[in-house]
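Enquirer: As given, the protein sequences belong to chains R and W, one line each in that order. No gaps in the numbering here: position 149 of the first sequence is 149 in my numbering, and each next residue is one more. No gaps in the numbering here: position 21 of the second sequence is 21 in my numbering, and each next residue is one more.
Since the hints were made in silico from the structure, they are not lab data. Idealized CB from N, CA, C, for every residue including glycine. Hints are not guaranteed to be accurate.
[What the hints assert, rightly or not] Chain W stretches covered by chain R per the calculated footprint, using a threshold of three residues with CB under 8 Å from any CB of chain R:
(1) 84-94
(2) 140-151
[Said to hold, decoys possible] Here are the simulated DMTMM-like cross-link-like pairs (lysine to aspartate or glutamate), alpha carbons at most 20 Å apart as the crow flies:
(3) W:K207 <-> W:D156
(4) W:K151 <-> R:D333
(5) W:K207 <-> R:D224
(6) W:K146 <-> R:D333
(7) R:K285 <-> R:D199
(8) W:K110 <-> W:E144
(9) W:K207 <-> R:D292
(10) W:K207 <-> R:D333
(11) R:K311 <-> W:E198
(12) R:K65 <-> W:D65
(13) W:K151 <-> W:E186
(14) R:K265 <-> R:D296
(15) R:K265 <-> R:D242
(16) R:K43 <-> R:E24
(17) W:K151 <-> R:D242
(18) R:K311 <-> W:D65
(19) R:K41 <-> W:D65
(20) R:K65 <-> W:E104
(21) R:K65 <-> W:E107
(22) W:K207 <-> W:E130
(23) R:K247 <-> W:E144
(24) R:K247 <-> R:E260
(25) R:K265 <-> R:E228
(26) R:K311 <-> W:E107
(27) R:K359 <-> R:E47
(28) W:K110 <-> R:E24
(29) W:K110 <-> R:D222
(30) W:K151 <-> W:E212
(31) W:K51 <-> R:D296
(32) W:K146 <-> R:E200
(33) R:K247 <-> W:E186
(34) R:K43 <-> W:D190
(35) R:K247 <-> W:D69
(36) W:K146 <-> R:D199
(37) W:K110 <-> R:D199
(38) R:K212 <-> R:E200
(39) R:K212 <-> R:E228
(40) W:K146 <-> W:D128
So you can see what is in the structure, the chains are spelled out below.
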Amino acid sequence: MTDAVADETEVAPGETLFGVREMELDFGPQHPSTHGVLRLKLKIDGERVLDCYPIIGYLHRGTEKLFELHPFFQNVPHTDRMDYVAAATNNLAYVGAVEKLTGIVVPPRADYIRTLLCELQRISSHLLWLATHAIDIGAMTPFFYCFREREQVLDLFEEYCGARLTLNCMRPGGQPFDLPVGWVDDCRAFCETFPSKVDEYEGLLTNNRIWKQRTVGIGVLDPDRALEYGISGPMLRGSGVDWDLRKARPYAAYAEVDFEVPLGKNGDTYDRYLVRVAEMRQSAKIILQCLDQLPDGPIMAKKPRVLKAPKDSEVYYSIEGPKGEIGFYIVGDGTTNPYRCHVRAPSFITLQVLPELCKNHLLADLVALIGTTDIVLGEVDR
Amino acid sequence: MSEQDQDKPPEEVPVSEPESSPSEPEGSPSGPEGSPTVEAAAEPEPPKEEKPPWLLNPQVPQWQDEDDDPTAVSLRTSCPGAVLSARSFAGDLILVIRREQIAEVAECLKNELGFGYMVDIAGADYPDREERFEVVYHFYAHSEEKRIRLKVSTADGTSVPTVSHLWPGANWPEREVFDMYGIRFEGHPDMTRILTWEGFNGHPLRKEFPVEGIDTGAAIYPEYYDQSQGPISGDGTGWKVPEPPEEPVAEEAEEAEEEGPQGDGSPAGGPAENGATTDGAS
Numbered sequence: 001m002t003d004a005v006a007d008e009t010e011v012a013p014g015e016t017l018f019g020v021r022e023m024e025l026d027f028g029p030q031h032p033s034t035h036g037v038l039r040l041k042l043k044i045d046g047e048r049v050l051d052c053y054p055i056i057g058y059l060h061r062g063t064e065k066l067f068e069l070h071p072f073f074q075n076v077p078h079t080d081r082m083d084y085v086a087a088a089t090n091n092l093a094y095v096g097a098v099e100k101l102t103g104i105v106v107p108p109r110a111d112y113i114r115t116l117l118c119e120l121q122r123i124s125s126h127l128l129w130l131a132t133h134a135i136d137i138g139a140m141t142p143f144f145y146c147f148r149e150r151e152q153v154l155d156l157f158e159e160y161c162g163a164r165l166t167l168n169c170m171r172p173g174g175q176p177f178d179l180p181v182g183w184v185d186d187c188r189a190f191c192e193t194f195p196s197k198v199d200e201y202e203g204l205l206t207n208n209r210i211w212k213q214r215t216v217g218i219g220v221l222d223p224d225r226a227l228e229y230g231i232s233g234p235m236l237r238g239s240g241v242d243w244d245l246r247k248a249r250p251y252a253a254y255a256e257v258d259f260e261v262p263l264g265k266n267g268d269t270y271d272r273y274l275v276r277v278a279e280m281r282q283s284a285k286i287i288l289q290c291l292d293q294l295p296d297g298p299i300m301a302k303k304p305r306v307l308k309a310p311k312d313s314e315v316y317y318s319i320e321g322p323k324g325e326i327g328f329y330i331v332g333d334g335t336t337n338p339y340r341c342h343v344r345a346p347s348f349i350t351l352q353v354l355p356e357l358c359k360n361h362l363l364a365d366l367v368a369l370i371g372t373t374d375i376v377l378g379e380v381d382r
Numbered sequence: 001m002s003e004q005d006q007d008k009p010p011e012e013v014p015v016s017e018p019e020s021s022p023s024e025p026e027g028s029p030s031g032p033e034g035s036p037t038v039e040a041a042a043e044p045e046p047p048k049e050e051k052p053p054w055l056l057n058p059q060v061p062q063w064q065d066e067d068d069d070p071t072a073v074s075l076r077t078s079c080p081g082a083v084l085s086a087r088s089f090a091g092d093l094i095l096v097i098r099r100e101q102i103a104e105v106a107e108c109l110k111n112e113l114g115f116g117y118m119v120d121i122a123g124a125d126y127p128d129r130e131e132r133f134e135v136v137y138h139f140y141a142h143s144e145e146k147r148i149r150l151k152v153s154t155a156d157g158t159s160v161p162t163v164s165h166l167w168p169g170a171n172w173p174e175r176e177v178f179d180m181y182g183i184r185f186e187g188h189p190d191m192t193r194i195l196t197w198e199g200f201n202g203h204p205l206r207k208e209f210p211v212e213g214i215d216t217g218a219a220i221y222p223e224y225y226d227q228s229q230g231p232i233s234g235d236g237t238g239w240k241v242p243e244p245p246e247e248p249v250a251e252e253a254e255e256a257e258e259e260g261p262q263g264d265g266s267p268a269g270g271p272a273e274n275g276a277t278t279d280g281a282s
């Protein structure tokens with residue numbers, strides 16, 4: 001009997017200790033590793049997770065209802081607050097959808113500024129992801145290193161639009177502000193030193209035996225299954241599917257810059273880590289190219305002072321955010337407000353795969369899995 | 001400013017005004033060309049430079065018929081009667097599908113036409129229409145890089161076949177449509193609320209749901225809620241207090257009626273019993 005208790009693998013399937021084999025445990029909603037208010041109802045057998053049922057909605061703020069209340073340009077701050085870690089990409093998805101709806105074409109300088117902001121935002125989002133993912137797994141040092149660089153990015157945002165997190169930095173039709181004096185030089189200085197910082201993070205983690213033991217083989221996601229789930233972004237590219245909206249359907253200035261899309265092989269957590277770190281490097285490359293190619297000209301298109309959607313119109317427009325495909329489905333009805341504005345939030349769609357990924361992993365691996373899905377509850381719940 | 005107006009008489013829309021931009025547009029030919037009289041006199045002058053599209057009034061996209069789009073054609077042959085219309089707007093292909101056949105059409109799209117990526121499922125509420133709700137599906141085909149939108153209309157209380165057996169990623173979006181609109185999906189493995197809490201009674205994105213929110217128990221809408229009630233759990237039929245059940249005993253029925261608009265939803269027998277002993281007014 002004592003042997004059976006000490007060595008778990010030798011307990012026969014029907015045998016139990018106190019008459020019960022499984023335990024139901026609530027993981028969250030208040031828990032530092034759930035990255036927000038995510039509640040998971042876990043069915044565990046000792047340390048092994050048998051099943052998990054995510055319960056969300058703790059951060060539901062009725063954003064889609066609020067969109068219907070305000071005119072198009074006033075809805076931009078609402079979009080900041082959904083994926084609050086990557087506000088610029090949310091802004092761009094919304095603003096791009098409104099422009100598609102009303103037929104506005106944006107001047108090239110505005111396109112380049114938007115590309116700059118989105119790539120800086122991608123770097124900032126991936127830095128936060130790496131910091132929190134590493135600290136959840138137990139590596140504390142990357143947290144401090146990543147936040148040091150993230151501060152520099154947030155300073156750049158603050159110089160541009162006055163806000164660090166909820167940027168509100170785009171408007172339908174172009175940009176509200178032009179780049180301040182000296183911003184281009186600060187940005188260039190950041191991007192030139194950034195690859196050496198990424199080398200620092202990689203030096204800590206990539207060939208680290210403990211990191212590899214914690215992440216290799218954890219949460220293997222089959223590529224076809226990932227497509228059926230609707231997963232996009234680094235989560236999908238970690239499984240080897242080469243699909244990036246920046247290349248497939250280029251928007252803003254992505255058609256004019258040259259970059260690679262990193263792909264993983266095995267679809268496990270380690271590959272997704274490598275993909276995101278490589279994406280950070282590619283983002284720095286894109287930013288430097290944009291800074292070199294930045295055209296002059298107006299930053300706001302000519303548009304009516306009162307922007308109205310055409311009657312009986314609807315569009316879906318999506319971009320590649322740091323977490324995946326973020327899209328907006330907007331229905332217009334001839335007034336200044338959207339009639340219906342639905343957000344296709346990548347984290348909402350990606351979180352559905354968690355029950356499938358976590359089967360037969362340990363509880364500690366579940367934390368790594370939540371980290372690798374890179375969810376932001378603001379986007380999941382809207 | 002007036003020179004710029006001079007250039008655009010044919011396309012000038014009365015309401016619009018140019019947005020003030022920090023730098024003047026470079027392609028504008030109005031500067032060097034001088035006064036209006038010179039331009040009016042010199043008609044065979046070379047045409048003005050083409051202005052880039054961001055300096056012109058926006059070209060509003062128009063609906064176009066897409067009956068000969070290959071996807072629409074193959075769907076019409078494999079699932080006859082399903083596709084009610086095929087149009088496009090701003091480059092998005094939009095097919096309106098008959099509600100009963102949506103699962104069939106979805107299967108055809110996934111297995112034969114290669115739309116293996118589930119983008120999104122959304123709902124929309126058009127209370128003026130007879131079938132007031134619309135469920136909107138977006139799919140994407142990687143091989144052809146093509147996006148398609150399917151729209152299904154449904155009335156309040158009518159359920160729509162699910163597609164979650166084909167795309168597991170459709171599970172939560174369909175739950176969200178149920179939560180926000182009250183549209184049920186037949187065959188869905190877990191048709192429960194997802195964004196609002198269990199016991200929430202109401203469907204927030206319906207047009208009659210107030211933006212301020214409903215009061216699920218306190219004193220804001222007394223004509224709809226009994227103040228002693230908590231959230232009315234269960235099927236989410238709405239946020240009006242349901243009719244009181246028929247009381248078998250005549251005295252209890254009298255008591256319940258005289259309670260007035262408030263105590264109707266309470267469990268049977270509660271206020272009636274109290275009323276019988278303490279309420280002198282009855």
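Enquirer: Against this structure, judge whether each hint is valid.
Expert: Now for the hints, and whether the structure bears them out:
{"no.": "1", "hint": "84-94", "result": "holds (count 5)"}
{"no.": "2", "hint": "140-151", "result": "holds (count 4)"}
{"no.": "3", "hint": "W:K207 <-> W:D156", "result": "13 Å, holds"}
{"no.": "4", "hint": "W:K151 <-> R:D333", "result": "17 Å, holds"}
{"no.": "5", "hint": "W:K207 <-> R:D224", "result": "38 Å, violated"}
{"no.": "6", "hint": "W:K146 <-> R:D333", "result": "26 Å, violated"}
{"no.": "7", "hint": "R:K285 <-> R:D199", "result": "15 Å, holds"}
{"no.": "8", "hint": "W:K110 <-> W:E144", "result": "13 Å, holds"}
{"no.": "9", "hint": "W:K207 <-> R:D292", "result": "49 Å, violated"}
{"no.": "10", "hint": "W:K207 <-> R:D333", "result": "14 Å, holds"}
{"no.": "11", "hint": "R:K311 <-> W:E198", "result": "37 Å, violated"}
{"no.": "12", "hint": "R:K65 <-> W:D65", "result": "31 Å, violated"}
{"no.": "13", "hint": "W:K151 <-> W:E186", "result": "17 Å, holds"}
{"no.": "14", "hint": "R:K265 <-> R:D296", "result": "42 Å, violated"}
{"no.": "15", "hint": "R:K265 <-> R:D242", "result": "11 Å, holds"}
{"no.": "16", "hint": "R:K43 <-> R:E24", "result": "5 Å, holds"}
{"no.": "17", "hint": "W:K151 <-> R:D242", "result": "29 Å, violated"}
{"no.": "18", "hint": "R:K311 <-> W:D65", "result": "17 Å, holds"}
{"no.": "19", "hint": "R:K41 <-> W:D65", "result": "48 Å, violated"}
{"no.": "20", "hint": "R:K65 <-> W:E104", "result": "32 Å, violated"}
{"no.": "21", "hint": "R:K65 <-> W:E107", "result": "32 Å, violated"}
{"no.": "22", "hint": "W:K207 <-> W:E130", "result": "15 Å, holds"}
{"no.": "23", "hint": "R:K247 <-> W:E144", "result": "14 Å, holds"}
{"no.": "24", "hint": "R:K247 <-> R:E260", "result": "9 Å, holds"}
{"no.": "25", "hint": "R:K265 <-> R:E228", "result": "19 Å, holds"}
{"no.": "26", "hint": "R:K311 <-> W:E107", "result": "33 Å, violated"}
{"no.": "27", "hint": "R:K359 <-> R:E47", "result": "12 Å, holds"}
{"no.": "28", "hint": "W:K110 <-> R:E24", "result": "36 Å, violated"}
{"no.": "29", "hint": "W:K110 <-> R:D222", "result": "18 Å, holds"}
{"no.": "30", "hint": "W:K151 <-> W:E212", "result": "29 Å, violated"}
{"no.": "31", "hint": "W:K51 <-> R:D296", "result": "16 Å, holds"}
{"no.": "32", "hint": "W:K146 <-> R:E200", "result": "41 Å, violated"}
{"no.": "33", "hint": "R:K247 <-> W:E186", "result": "38 Å, violated"}
{"no.": "34", "hint": "R:K43 <-> W:D190", "result": "17 Å, holds"}
{"no.": "35", "hint": "R:K247 <-> W:D69", "result": "25 Å, violated"}
{"no.": "36", "hint": "W:K146 <-> R:D199", "result": "38 Å, violated"}
{"no.": "37", "hint": "W:K110 <-> R:D199", "result": "43 Å, violated"}
{"no.": "38", "hint": "R:K212 <-> R:E200", "result": "17 Å, holds"}
{"no.": "39", "hint": "R:K212 <-> R:E228", "result": "28 Å, violated"}
{"no.": "40", "hint": "W:K146 <-> W:D128", "result": "32 Å, violated"}
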